[in-house]
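Protein chains: 2
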Amino acid sequence: MSKRLVVALSGGVGGAKLALGLSRVLPADELLVVANTGDDFEHLGLSISPDVDTLTYVLAGLDNPVTGWGRRDETWSFMDSIGELGGEDWFQLGDRDLALHVERTRRLRLGQTLSEVTSDICRRLGIGVRVVPMSDDRVRTRVRGDSGWIDFQDYFVRQQCAPVVHELAFDGATLARPQADIMAALRSGDVRAVIICPSNPFISIEPILAMSGMRDAIKLSGAPVVAVSPIIGGQAVKGPTAKMMGELGLEASAAGVAARYGDLLDAYIVDHADAAIGNVGARITIAKTLMTSVHDRKTLARLTLDAAEALASR
Amino acid sequence: MSKRLVVALSGGVGGAKLALGLSRVLPADELLVVANTGDDFEHLGLSISPDVDTLTYVLAGLDNPVTGWGRRDETWSFMDSIGELGGEDWFQLGDRDLALHVERTRRLRLGQTLSEVTSDICRRLGIGVRVVPMSDDRVRTRVRGDSGWIDFQDYFVRQQCAPVVHELAFDGATLARPQADIMAALRSGDVRAVIICPSNPFISIEPILAMSGMRDAIKLSGAPVVAVSPIIGGQAVKGPTAKMMGELGLEASAAGVAARYGDLLDAYIVDHADAAIGNVGARITIAKTLMTSVHDRKTLARLTLDAAEALASR
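Heads up: the protein sequence lines correspond to chains V and G, in order. Once you know that position 101 of the first sequence is 101 in our numbering, the rest is easy, because the numbers rise by one and skip nothing. All you need for our numbering is the position in the second sequence, starting with 1, plus 1000.
A couple of the hints might just be wrong.
If we take Cβ atoms under 7 Å as the criterion, some of the chain G residues that face chain V in the derived model are [stated by the list, open to error]:
1) G1045
2) F1091
3) T1105
4) Q1112
5) I1121
6) R1124
7) L1168
8) D1216
9) R1260
To spell it out: a stretch of chain V is covered by chain G in this simulated footprint if at least three of its residues, at any positions, have a beta carbon under 8 Å from a beta carbon of chain G; those stretches are [to be verified]:
10) 36-46
11) 83-90
12) 155-165
13) 250-261
I should point out that these hints are in silico values taken from the structure, not numbers from a laboratory. Owing to the predicted nature of the structure, the values given are computational and were not obtained by experimental measurement. A virtual CB, placed ideally from N, CA and C, is assigned to each residue, including glycine.
This is chain V alone, in the form it adopts within the complex (with noise of 0.2 Å):
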């Protein structure tokens, strides 16, 4: 019998199109999606996940296509109320997508799980496929600029990714359980492949990769690792990865990213405009990997499931 499961590991705007991808192409029993939560902070007193939002706003259709996070249909009348009342207001927080961080707050605070939250809510919302945080312990994404190091959204955020960036730090990271789904996901045998999505390496994927464990846990589950590539042509589609690629002394490069994931890859899909990549230690795939429609998510979704395909067929 052919293995079943497809194990997508995802950051948010990027990493989401081609969860959301994926998530047409398969069965919902069939896709666990993994969200980062390196980013998660606590602001105005609630528990924020930006990544697993994000997953769940694009899975549920309710994402915001202007902005890329955020809610469809969003108003502002809490961002416009809170700066008069002197509370902080460089985190953008529309009234509709405050709900979900109100709610997930109630909840913690009585004792259950990030995950059991999302997994509720992502029901609630109809999302059939798993959304799951990489863990439910505490992991901060910190990083060191020239004043020092700052919290991941003060960086990202407030200082809209001005700092150069010296170093990443993932705090919490080793002592963090990876979330019990996943790891009994990747030793069931039955996984067929691992998507890394074309999500920010440092950022969104490291964090996950850092926990005690889940390297292993991916290496012996036996399933390729396909990663598509977030950078185009030396540019990041959006975000800070190119800048960041450049500060960290690496080369902001399709190749730059598949060193940085080094031994893991088994295949990786870059754009047209890399497809003189040359030899990354992993089976090239070129394509179009600008998403810009829902077929194109679709299609590179295929994409990596037949890249998975062509390797466990070896």
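Fit chain G to the supplied structure of chain V, relying on the hints for placement.
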């Protein structure tokens, strides 16, 4: 030198109308508005203070003239969304209003007192007069209905005052320390009047009076106590006052309210509809007590001050 301070005890909607009137006819530093906090509760992980908030919005000119509670120009996206996430949606929280609850909750968790938070928020919203919670300690009004004791907001909002009220309790009131500025004012020898606003006596004023030392401090201040009846011709202007009086075996009338305040009362302002009130042990003023305009609010406010002055000059 004549005494300067006016201390007004108030609940929400009705009381806030008179508090606004007082704020328009007195210099800002001569009015201290004491807000009932027996209605306060925790909901969705947020600390909500309905009477403090109504007073804040009314005095800042931000109140919703249609509902009497909440903010004007309000939007409801949060409420739309919290329901679909499985959150509790029986208590209406507008998007702008929510900013106040989130910011207050955040600051309380940082260790600020409700007094400090309220004072700062009033300042930021341009309110000149002082609004103080009756206590920084926890007092919770509870209602005994046919099915036993329930929380006040459960009775008041979720069950819309439907249960028959057999008894009221103010949990924590005897241990709660009255807010320091109130006691300092009452002890200053500088209070020219204590005004009991036309709020529900049982659920808005009695929690304030139930705190240890409060009745005595009012008595010892030497200031005349002037109440405005919340009952007009046997009917409450708004809310369950008349219904509650009947259920508690009291006469649902202006006289019944006066009897409830007992010997605390020096002067009592009742509506023309209650001109035949008779002897209630306090000097009666007959006036139009229904406040439909700002002019009405100011006129009634001046009447309460005149009534106090008439007593002081005996």
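How about G:T1105: closest beta carbon in chain V under 7 Å, or not? holds, 5 Å
Per-stretch coverage check for the segment 250-261 of chain V, three Cβ contacts closer than 8 Å to chain G: Result for this restraint: violated, n = 0.
Given G:I1121 was flagged as interface, is its beta-carbon under 7 Å from a beta-carbon of chain V? holds, 6 Å
Any CB of chain V closer than 7 Å to the CB of G:L1168? Since chain V brings no Cβ nearer than about 28 Å to G:L1168, farther than 7 Å, the hint is violated.
Against chain G, does the segment 36-46 of chain V show at least 3 residues with beta-carbon separation below 8 Å? n = 3 at 8 Å, threshold three: holds.
Checking hints one by one. Is G:G1045 an interface residue toward chain V, by the C-beta closer than 7 Å rule? It holds, given that the least Cβ distance between G:G1045 and chain V is near 4 Å, below 7 Å.
Are there three or more residues in the segment 83-90 of chain V whose C-beta lies within less than 8 Å of some C-beta in chain G? holds (count 4)
Status of the hint placing G:R1260 at chain V (closest C-beta pair under 7 Å): G:R1260 check fails; min Cβ-Cβ to chain V is 36 Å, beyond 7 Å.
Would you check whether G:R1124 satisfies its interface hint, that is, whether its CB is within less than 7 Å of any CB in chain V? Nearest chain V Cβ about 5 Å off; hint holds.
Given that the segment 155-165 of chain V was listed as covered by chain G, double-check it with a C-beta distance under 8 Å for 3 or more residues. violated (count 0)
Would you settle whether the hint for G:Q1112 is holds or violated, based on the nearest Cβ-Cβ distance to chain V being less than 7 Å? Nearest chain V Cβ about 12 Å off; hint violated.
Proposed interface contact between G:D1216 and chain V, which counts if any beta carbon pair is under 7 Å: Cβ of G:D1216 sits 36 Å from chain V, so the hint is violated.
Checked against the numbered hints given earlier, this structure breaks hints 2, 4, 7, 8, 9, 12 and 13; the rest are met.
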